[in-house]
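Can you make the complete structure from the sequences, with help from the hints?
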Amino acid sequence: MERHYLLGNEAIAHACLESGVGFVSGYPGTPSSEVVDVLRVQKDLTCHVEWSVNEKVALENALAAAWCGLRAICTMKHVGLNVAADALMTSAYTGVTGGLVIMSADDPFAHSSQNEQDTRCYAHFARLPCLDPSGVQEAHDMIAVAFEISEEFRLPVLFRPTTRICHSKGDVELGDVVPNTRTGEFHKDPRQYVVIPAHTRILHKKLNEKQPALKKRLVEKGLNHFTIRGKNAIIASGIGSSYVQELLPPDVSFMKIGAYPVDEEWLGKFVQQHEKILIIEELAPVVEEAVRQVAGCVPVFGKINGYAPYEGELSPAVVAGIMVKAGFLEKNPFASPTSVQDLPMRPPILCAGCHHRAAFYAMKKVFGESAIYPSDIGCYTLGIQLGAVDTTICMGASITVGSGIAHSGESRDVVCTIGDSTFLHTGIQGLMNAVYNGANMTVVILDNRITAMTGHQPNPNTGVTATGVETPPVSLDAVCRSCGVTFVETVDPYDLTGMLRALEAAKTKKGVKVIIAKQMCVIVARRAGVKRGHYAVNPETCTGCGTCVRFGCPAIELVDKKARINELCSGCMVCSRLCPVGAISREAQK
Amino acid sequence: MTKSFDILIVGIGGQGTILASNVLGEACLREGRHVKGAETHGMAQRGGSVETHIRIDGLYGPLIVPGTADLLISFDLLEALRYSHYLRTGGKMVVNRHMVLPTSVFTQKGPVLTEDEVIAQLARSGPCLIDADRIAVEAGSSLAQNVVILGAASWSIPLKPESLLAAVKKLVPPKTVEANIQAFEMGRAFGRTC
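Protein sequences appear in the order of chains A and B. Read in our numbering, the first sequence has 514 at position 514, and its numbers run on one by one without any break. Here our numbering = 1-based position in the second sequence + 1000.
Treat each hint with caution, since some may be false.
[As the list claims (entries may be wrong)] Capping the alpha-carbon separation at 30 Å, the derived lysine-lysine pairs in DSS-like fashion look like this:
no.	chain 1	residue 1	chain 2	residue 2
1	B	1003	B	1170
2	B	1175	A	561
3	B	1175	A	43
4	A	364	A	509
5	A	562	B	1170
6	A	205	A	221
7	B	1160	A	365
8	A	364	B	1109
9	A	531	B	1169
10	B	1003	A	331
11	B	1160	B	1175
12	A	43	B	1169
These are computed hints drawn from the structure, not numbers from a lab.
Written out as C-alpha cells, the structure reads:
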C-alpha cells in the first residue's frame, strides 16, 4: 500500500472520505480547521460540506443529517465545543441513526487558544464515547471505528485529537475512498426527537443503559489494550503514549487508553496485577481518576499527587522527568540545555499592510490611551501589541464585555473591536442586547470579508460557500441597523482621514455606534493579484522621528536613524499619511 | 529501537519551513523510511518565530528534545541562535546568513543585535553560513531560498540527494521547478565547502 506524508488533519479528512461521509460541517478553529478545508476542495464530492456560522449551528446541522441516516462529521476546536455544548448534551439522549463523529481538537499549551480545556471531560459529562488518538496513523484509523461505534450504539462519538496530532505529520497508509450512497430521510418519531420531559426521562435512562456494553466494545475494538511485562505499569493516553513508548524500560507493563469510557472491570484486573502504576496523559486527570477508582491499595502516580502537571503539553523530556520522579526510570536520558537568554522576541504580528493596524491606529488617535478597548478572537487580537486590546475572553465577547463595562458606571469611552466572522459567530446577539439595554459604546467591526486567522475560510460575509458556490453576502450594515443601531458607517481603514472622521462622529454621539472598517485581508489581496505598488522613504527628508516605526508595520525598519521600507510593503500607504514630514511616497514603477 | 535522525527547521512564518518539511517527508517516502514531524500552524505563523520538527526513521512522537537534534536548519540568523540549544553536541547547523530584525525591536525598543554579533555567538556550533538570497537570485528565484538552504544541508541529511531533488520537483509550483532544481544544486555545491 502506498504511503503518504500527511498532516494529521489531512489524514483525518481522508479517513472521512474512506468512511463514506455524507455530511460535513464545522467552524474553523486552530488546530481543527484543515479537516473541512481539505474536504471542501475535493473533486466529485458525494457529501454536503459547509462552514457553518458557529459550532452550535454546525453541530445541530450535522446531528439532523445523522438523524436522516447519513454519516456526518462536525469539526471544531475545543472551545468551540462550549458553544455547541447545548446541542451536545441532549444529542446523547436523542442519539443518531447514521454515524455522527464530533471532532473537537484540544490545544494543550494553548498554542493558539484562550484556554487548555479537555474534551474528554465533556464526553464524561454527556456520557458519550470519546476516541483519543496517539498519532497521525491512529487518528486516521480511528475515524472508521468512530463511525462504526456511533452506528452500533446510535450515539454521537467525540473524537479528540490534539495540536500535536492535527499539526504533526507522519507517513500514513490510506484506504480507498468510499462514495456516499445514502440519501437522507427523516423518520418522524417524537419520542426520539422531541425532548419534552415525558420523553427525555426515558431517553436519559436509555443512554445510561448503553454504557456497560459500550465500555466492553471499546476494549474489543482494540482501542484500549495492554502488554504485561513486569511488576510496575504505565498507563498512557493520547500523544503521551507515544512519548512513553520512546522511553519505556523493558520490564515495565504498558496500557494504552485510546477510548472512553474505560471499562472498570477490565482496568481493575490490570491494575491489581501490578505493584505501582504511573499515569501519563495531557490536561485533565481523566484516566487517572478511572484508575484511582479501581486501584485499591496499589499506589498510583499522576497529577493528583503532584507527579505530573495538570497544565501545558507533554514532550519526551517532560515524560522522562515524570518517570524519573515516580521511580519508573533511573535517570533522565535528556540533558536540559538552556536557551540563549535575552534575545529580541519574535511573536506573531499583524501582516505588513494589514488594515486592522490602521483601524487600531485611528481608534487610539481619536479615543486615546484611557479609553477601554474590549476585543475578540481573531488576527486582530494581535492588536494587544498596539495597546488596543484590553480584554479577550471568548468568541463574541467584545461587545458583551463592552456593554457590561459601559453599564457598570465606568465613565471612560468603550470602543470594541470584533472581526466579521466573529461578529456573525456570536457577536450579533451582543450587539442587539447592547442596543436593547441602552449601552453607550462604539463597536468597530474589522471586516476583511473572510475568516483570516485560521487560514482564510469563507463565511456568510464572503459571497462564496465552502465549496466555492457563489452566495449573496450578508450586509453587515443591514444586520446592525436591524438590531436597532442608528449610527452605522462603513469606512475603508486605509483612508485614514475618513476613518478618523467617522470615529470622531461616533465619539460625540450617545448609544451604540457601529463603524464597519472594511478592506480585503492583505493575504487574500496578494493571492488575488492586487498590486498597490511599493512605498519608500526619502532619506533626505526623513528626520528619524520614529512615528512610522512605532506604527508597528513589519515592512518599516529603522536603519542608521532613518526609516526604511523593506520588501514586505504591500502598498497600503497608511504610513505615508502618518509621516509628519511627508518623507514616504510611492516608489516609481521599476 | 533504531535511532531516528532528528532535524529542526526554524525560521519566520512565511519563509517556507513547511515546504522544506514536505520535501524531507516526501524523500523519506521515496526511500521507504518512516518519518514523523510537527509544525506551527494558525495565528503563530503570522511573521512569528516558527519551528518544524522532522524525525527521519521516527516511529513514535513528532517532537525533538532540546539537546538532541542532529541537524539544525535555520532560515534566519537570529532564529538559529534562539533554537541553538536544540542541537546535540557535535550536531550540524546550516544557517541563512541573513537576519530579519523583529519588529518588537523597533516598537518596544528591545535589544538590537547585529548580524556579526549573532554569528559570533553561533561560532561554537561551527555553523555552515550561506547567503541564500544571493544564490537563490542567481538560480532564478529569490523565493527558492528555502531550497538553497536544503541543498546546502543535504550533505548532513541521511537521504539520497536524488530523493530530495525528486521531492523538490514534485512539491514546488510547476512554473518554478527549473529555478528550484538550480537552487538545490547550487546550495548543495556551496554546502560541500562548509
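Between residue 1003 of chain B and residue 1170 of chain B, is the straight-line Cα distance small enough, at 30 Å or below?
-> 28 Å, holds
Given pair status - residue 1170 of chain B, residue 562 of chain A, alpha carbons within 30 Å | 44 Å, violated
When you check the alpha-carbon spacing of residue 1160 of chain B and residue 1175 of chain B, does it fall within 30 Å?
-> The given pair, whose Cα atoms are some 25 Å apart, holds under the 30 Å limit.
Is residue 364 of chain A close enough to residue 509 of chain A, meaning Cα to Cα at most 30 Å?
-> 18 Å, holds
Are the Cα atoms of residue 1175 of chain B and residue 43 of chain A separated by 30 Å or less?
-> 23 Å, holds
For the pair we were handed, residue 364 of chain A and residue 1109 of chain B, check the Cα-Cα distance against 30 Å.
-> Measuring from Cα to Cα gives roughly 20 Å; hence the hint holds.
For the pair we were handed, residue 43 of chain A and residue 1169 of chain B, check the Cα-Cα distance against 30 Å.
-> With a Cα-Cα distance of about 24 Å, the restraint between residue 43 of chain A and residue 1169 of chain B holds, given a limit of 30 Å.
Within a Cα-Cα threshold of 30 Å, do residue 1175 of chain B and residue 561 of chain A meet the stated pairing?
-> Distance ~41 Å between residue 1175 of chain B and residue 561 of chain A Cα, so the pair is violated.
Would you mind confirming whether the straight-line C-alpha gap from residue 531 of chain A to residue 1169 of chain B stays at or under 30 Å?
-> 29 Å, holds
Pair hint residue 1160 of chain B and residue 365 of chain A, alpha-carbon separation not exceeding 30 Å | Judged against 30 Å, a Cα distance of about 58 Å means the pair is violated.
Regarding the pair residue 1003 of chain B and residue 331 of chain A, is the alpha-carbon distance no greater than 30 Å?
-> 19 Å, holds
Has the given pair, residue 205 of chain A with residue 221 of chain A, been kept, meaning a C-alpha gap of at most 30 Å?
-> Holds, at roughly 25 Å.
Comparing the model with each numbered hint stated earlier shows that hints 2, 5, 7 do not hold.
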